[in-house]
Amino acid sequence: MASAQPAAAPSGDPNGLQPEEAYTHKLPPLSQRWGFVRGGWESGGTRILDGDSGKMLGLVQTTRWSDLALDPAGKAIYVAETIWSKINRGTRQDYIAVYDPVTLALLSEIPLPGRLIIGAMKNNFVISDDGKTGFVYNFSPASSVNVVDLEKRKMGRVVELPGCASLMPVAGVGFASLCSDGTIATVALAGKAPVITHSQPFFKAAEDPIFDSYIYDRGTGTAVFLTYTGLIRTAKMGAAPTVGEAWSIQAAAGLRPGDTRPLDINWMPGGRQLMALHRKTGTLYVLMHRGEYWTQKEDGEEIWVVDLASRKVKKRVPLKVRASNLEVTQDDKPLLFMTGDEGATIIMDGTSFEQKHKVERTGGGIIATVGGE
Amino acid sequence: MASAQPAAAPSGDPNGLQPEEAYTHKLPPLSQRWGFVRGGWESGGTRILDGDSGKMLGLVQTTRWSDLALDPAGKAIYVAETIWSKINRGTRQDYIAVYDPVTLALLSEIPLPGRLIIGAMKNNFVISDDGKTGFVYNFSPASSVNVVDLEKRKMGRVVELPGCASLMPVAGVGFASLCSDGTIATVALAGKAPVITHSQPFFKAAEDPIFDSYIYDRGTGTAVFLTYTGLIRTAKMGAAPTVGEAWSIQAAAGLRPGDTRPLDINWMPGGRQLMALHRKTGTLYVLMHRGEYWTQKEDGEEIWVVDLASRKVKKRVPLKVRASNLEVTQDDKPLLFMTGDEGATIIMDGTSFEQKHKVERTGGGIIATVGGE
Amino acid sequence: MSGFDLDGMGERLLRRMAGNSSRRSFLTKLGATIVAAPVFPLLPVSRARAAKPDRSPEAKTEFARNAQTKDDTKCNYWRYCAIDGSLCSCCGGGVASCPAGTEPSPVSWVGTCINPDDGNAYLIAYRDCCGKAGCGQCGCDNTDRETQLYMPQLNNNVIWCFGTSSMEYHCSTAVMVGKAQ
Amino acid sequence: MSGFDLDGMGERLLRRMAGNSSRRSFLTKLGATIVAAPVFPLLPVSRARAAKPDRSPEAKTEFARNAQTKDDTKCNYWRYCAIDGSLCSCCGGGVASCPAGTEPSPVSWVGTCINPDDGNAYLIAYRDCCGKAGCGQCGCDNTDRETQLYMPQLNNNVIWCFGTSSMEYHCSTAVMVGKAQ
Chain A
1 MASAQPAAAP SGDPNGLQPE EAYTHKLPPL SQRWGFVRGG WESGGTRILD
51 GDSGKMLGLV QTTRWSDLAL DPAGKAIYVA ETIWSKINRG TRQDYIAVYD
101 PVTLALLSEI PLPGRLIIGA MKNNFVISDD GKTGFVYNFS PASSVNVVDL
151 EKRKMGRVVE LPGCASLMPV AGVGFASLCS DGTIATVALA GKAPVITHSQ
201 PFFKAAEDPI FDSYIYDRGT GTAVFLTYTG LIRTAKMGAA PTVGEAWSIQ
251 AAAGLRPGDT RPLDINWMPG GRQLMALHRK TGTLYVLMHR GEYWTQKEDG
301 EEIWVVDLAS RKVKKRVPLK VRASNLEVTQ DDKPLLFMTG DEGATIIMDG
351 TSFEQKHKVE RTGGGIIATV GGE
Chain B
1001 MASAQPAAAP SGDPNGLQPE EAYTHKLPPL SQRWGFVRGG WESGGTRILD
1051 GDSGKMLGLV QTTRWSDLAL DPAGKAIYVA ETIWSKINRG TRQDYIAVYD
1101 PVTLALLSEI PLPGRLIIGA MKNNFVISDD GKTGFVYNFS PASSVNVVDL
1151 EKRKMGRVVE LPGCASLMPV AGVGFASLCS DGTIATVALA GKAPVITHSQ
1201 PFFKAAEDPI FDSYIYDRGT GTAVFLTYTG LIRTAKMGAA PTVGEAWSIQ
1251 AAAGLRPGDT RPLDINWMPG GRQLMALHRK TGTLYVLMHR GEYWTQKEDG
1301 EEIWVVDLAS RKVKKRVPLK VRASNLEVTQ DDKPLLFMTG DEGATIIMDG
1351 TSFEQKHKVE RTGGGIIATV GGE
Chain C
2001 MSGFDLDGMG ERLLRRMAGN SSRRSFLTKL GATIVAAPVF PLLPVSRARA
2051 AKPDRSPEAK TEFARNAQTK DDTKCNYWRY CAIDGSLCSC CGGGVASCPA
2101 GTEPSPVSWV GTCINPDDGN AYLIAYRDCC GKAGCGQCGC DNTDRETQLY
2151 MPQLNNNVIW CFGTSSMEYH CSTAVMVGKA Q
Chain D
3001 MSGFDLDGMG ERLLRRMAGN SSRRSFLTKL GATIVAAPVF PLLPVSRARA
3051 AKPDRSPEAK TEFARNAQTK DDTKCNYWRY CAIDGSLCSC CGGGVASCPA
3101 GTEPSPVSWV GTCINPDDGN AYLIAYRDCC GKAGCGQCGC DNTDRETQLY
3151 MPQLNNNVIW CFGTSSMEYH CSTAVMVGKA Q
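Chains as they are written, first to last, in this note's numbering: chain A, 1 to 373; chain B, 1001 to 1373; chain C, 2001 to 2181; chain D, 3001 to 3181.
If you're looking for bench data, these hints aren't it; they were derived computationally from the structure.
Among the hints, a few may not be true.
[What the hints assert, rightly or not] In silico lysine to any residue, SDA-like type, Cα no more than 20 Å apart, as pairs:
(1) K2060/C to Q18/A
(2) K86/A to L1106/B
(3) K297/A to D2117/C
(4) K297/A to D2118/C
(5) K2074/C to K1204/B
(6) K86/A to S3165/D
(7) K86/A to L1107/B
(8) K204/A to P257/A
(9) K2060/C to R290/A
(10) K1086/B to G291/A
(11) K86/A to G1090/B
(12) K1086/B to P257/A
(13) K2074/C to Q1093/B
(14) K154/A to S108/A
(15) K86/A to Q1093/B
(16) K3074/D to K154/A
(17) K1086/B to D71/A
(18) K3070/D to Q18/A
(19) K1204/B to N3155/D
(20) K2060/C to I265/A
(21) K2060/C to R361/A
Bound conformation, chain A alone (with noise of 0.2 Å):
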């Protein structure tokens, strides 16, 4: 390399033209301005984004039938997935992959009995407060819920939970679910078998569901329900939880209550991930369009900005481009993050909901903020 020394780097060019060594990155501590933007059907991965720079800062590796969750003090990103030895064929293989999350270096797998093969979804894979036990959904097509030890790395117990599904933890308790007969199962584990207890029945679930991509937070153990129709509930979650009573997120924002009669033309909730809660103020974000009853998946047209200690809807923001998928950061300055058909993420100010970034080819699946699951 004597005969061939390079020139110092001329201005403007970032990178200079000394000869490089190649090396690998490593990630900032992970921070709440971040989203984890699941790719869609096609495209694998969970594609890191910076909300302030618009950035990729990375990718977690998440195959299709995978379920990304994080753990509550930020030391370790798990993704619970299944995959086959033979991409179509071959062995079985169902596990949560524990990734360090500032090498993103893959640190364990721990094996799992089964899961549910679904498209990403919330709600399958939740974790206790303490960041010790994690909790995931089968389905085989009987249901139940492996009960893992995170610490330890290793598959515990199997909770058959018939009729039920979509989970949340419940501090000192174990977890809970929503069930097909309207009830909140919640699971105990202190003790030798676990002890389902049922709710009274508060929803009908073939008349108007509660969307199962519900939200839960865990600083004050309240899950927020919302069905079809538009009804909004909150749960204080525990031993034995105490539902609130329901009202209209149409009706809060000064329309007349969503039916489930054809032809009646309202503003309904629909999407994937439609909902986002922005804790520290009680500030629900919903995904809502024009339409009829039964069209649940339909994306949304705008955001609808609802209050949930006045049941006030403060604001509609209209989107320029429909989303499936919306979510939150944690901070006091909230960024919102939303995905769509397009494949594009768009992230927005969550309190001027100016546009920030549109970043594309990121994929449409769902997102995960810190402190947002």
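Chain A is fixed; fit chains B, C and D onto it per the hints.
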């Protein structure tokens, strides 16, 4: 079910109202009118399209790093592929999957010692004319060829082939390939050790390379080569190939020949699978675009229809949508199949150049036809 | 909503399945009424209201009002009222049959769809065809009476490739089970 | 065309690699001159013409005439003259560095690119970062002096994830090797 007797099928409904049993279809015998269209980077599988109806008939499982080849007698569909037991990690598995062409059932897997990892390309997996031997290119990153006994479904010997790639079978001899020293290497397999002989150099691999997606015609034992600047040559293959003189595709259209000089804008060949040959008529179809030299991967704006016997461009066909890959059926009324960035397949009459079908979401990969490889 | 009569179907299915313990065991675990077609088991559907159906245009969903009975390669073909996925009719299969090289799942999610020609409601089993990379053609996502994961047999997101040799999703069929009432 | 002098680089590399038999063995098999950066091996590049370079605008490729030196997240950044893939600069890495959780391949394909600021040609190693699903951002496919598979070190289609713990392709970097002459 006695209480739920369905009514007779109302007219117009193709399916009726009687309770049904599910079953699985079989394919009709391999047809010359079919195109095997490879999905792109994100879209797995190779879709079998019927050129007449534009309908999808089935899908051959092909993962990202795979090459499909058709048994010349139509008795099998072969897929040489490489996967890992945990998608992005784990045990590497290289093999030829053997599929029944009627049921598309996986009949066998023939393990291989390795393969080139590359996006789908022609000429990395070819089959001898008698259908008994498969040749799979390997790059580790040293070049070699796996010789596979397709009758016994067993890996045979590995032939090291430094500096050469892109294979064609040579009847009664073995196989041949193009080399970086501008020669054809012919590998004779009759003896205990393979015997590699090189032709005289006839092209400049770094200056005006021959596209490695060249065409081999089993019927005449002839290869058709095209260089970046647009020079066409044929070579009669055998124990020692006879390479014909080069002539310019641009000159054959009455234009000045292509050149390597910058700023010299001309019609240039470009794309991935940028040539197709209708064997019976000696008609060569080439994707051409306007540009300078070093635009060899630019998609085609026109198809140039070349008569190899008279060395004339018979027709120039402008394309509505640029194409990257092109193949032609080998029957008497040939159909052209084309794919490009858009991920759709265009099916066009190969004589009138009328567009017959546009099939959306097939992926933009390479194409195979029966007798066209 | 799914006001169909399930009682007539249950007994025959239970007899048929007596010889299939593994399948029976998962169904038994759910501990509910069982729905079945003559030749294959479906997952239990919880008993819905027995209300008399109203088939007037005013009572039809948007999908039902716009559904057609002629072309099963379009998303608005009547049987597809709650399908989610690629239509097997566009993949080399048929409305009730799988493309070559794929395998129908023995279990499925279900929909209740109204045939616009006779105005009757029919129970449709959406059986996935499994074993190969996604077909990718004719993607549809209809959601009539489609509920959430805690009623999986009425949720159209789950991959129903149970009991097949491979769980890779290829496409979805809409198999006629019978009149809903 | 690749008119760069490789002789000065070869000897040092061969010394460095003497202790690495597996890597040496594959390089030896190719039996050609070896190109190397100070710290990592590249595959051999066959000796190209020793012609004097002409750096006038008339001699520059379209890419070189339009290349810029300011933004390494754009396809027309000068070092990317023969890159094919996602730019690691858009994926959480840099022009010469891999995103977290991926591993740079020890071998690569190469390009010779002209820096528009000084008019000199530099040898660039396009090292893939490997181990995870594709980044998917900033896809580029530049083809200056890019040849075909029989010259793999100058072909930009091959996945260069040899010698890494996983061969899954994530993104590509453009590492400065040195002045081409």
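For each hint, the structure was consulted:
{"no.": "1", "hint": "K2060/C to Q18/A", "verdict": "violated, 71 Å"}
{"no.": "2", "hint": "K86/A to L1106/B", "verdict": "holds, 13 Å"}
{"no.": "3", "hint": "K297/A to D2117/C", "verdict": "violated, 27 Å"}
{"no.": "4", "hint": "K297/A to D2118/C", "verdict": "violated, 28 Å"}
{"no.": "5", "hint": "K2074/C to K1204/B", "verdict": "violated, 53 Å"}
{"no.": "6", "hint": "K86/A to S3165/D", "verdict": "holds, 19 Å"}
{"no.": "7", "hint": "K86/A to L1107/B", "verdict": "holds, 15 Å"}
{"no.": "8", "hint": "K204/A to P257/A", "verdict": "holds, 17 Å"}
{"no.": "9", "hint": "K2060/C to R290/A", "verdict": "holds, 18 Å"}
{"no.": "10", "hint": "K1086/B to G291/A", "verdict": "violated, 43 Å"}
{"no.": "11", "hint": "K86/A to G1090/B", "verdict": "holds, 11 Å"}
{"no.": "12", "hint": "K1086/B to P257/A", "verdict": "violated, 49 Å"}
{"no.": "13", "hint": "K2074/C to Q1093/B", "verdict": "violated, 39 Å"}
{"no.": "14", "hint": "K154/A to S108/A", "verdict": "holds, 10 Å"}
{"no.": "15", "hint": "K86/A to Q1093/B", "verdict": "holds, 8 Å"}
{"no.": "16", "hint": "K3074/D to K154/A", "verdict": "violated, 45 Å"}
{"no.": "17", "hint": "K1086/B to D71/A", "verdict": "violated, 24 Å"}
{"no.": "18", "hint": "K3070/D to Q18/A", "verdict": "holds, 16 Å"}
{"no.": "19", "hint": "K1204/B to N3155/D", "verdict": "holds, 15 Å"}
{"no.": "20", "hint": "K2060/C to I265/A", "verdict": "holds, 13 Å"}
{"no.": "21", "hint": "K2060/C to R361/A", "verdict": "violated, 39 Å"}
In the structure shown, a violation is registered for the earlier hints numbered 1, 3, 4, 5, 10, 12, 13, 16, 17, 21, in ascending order.
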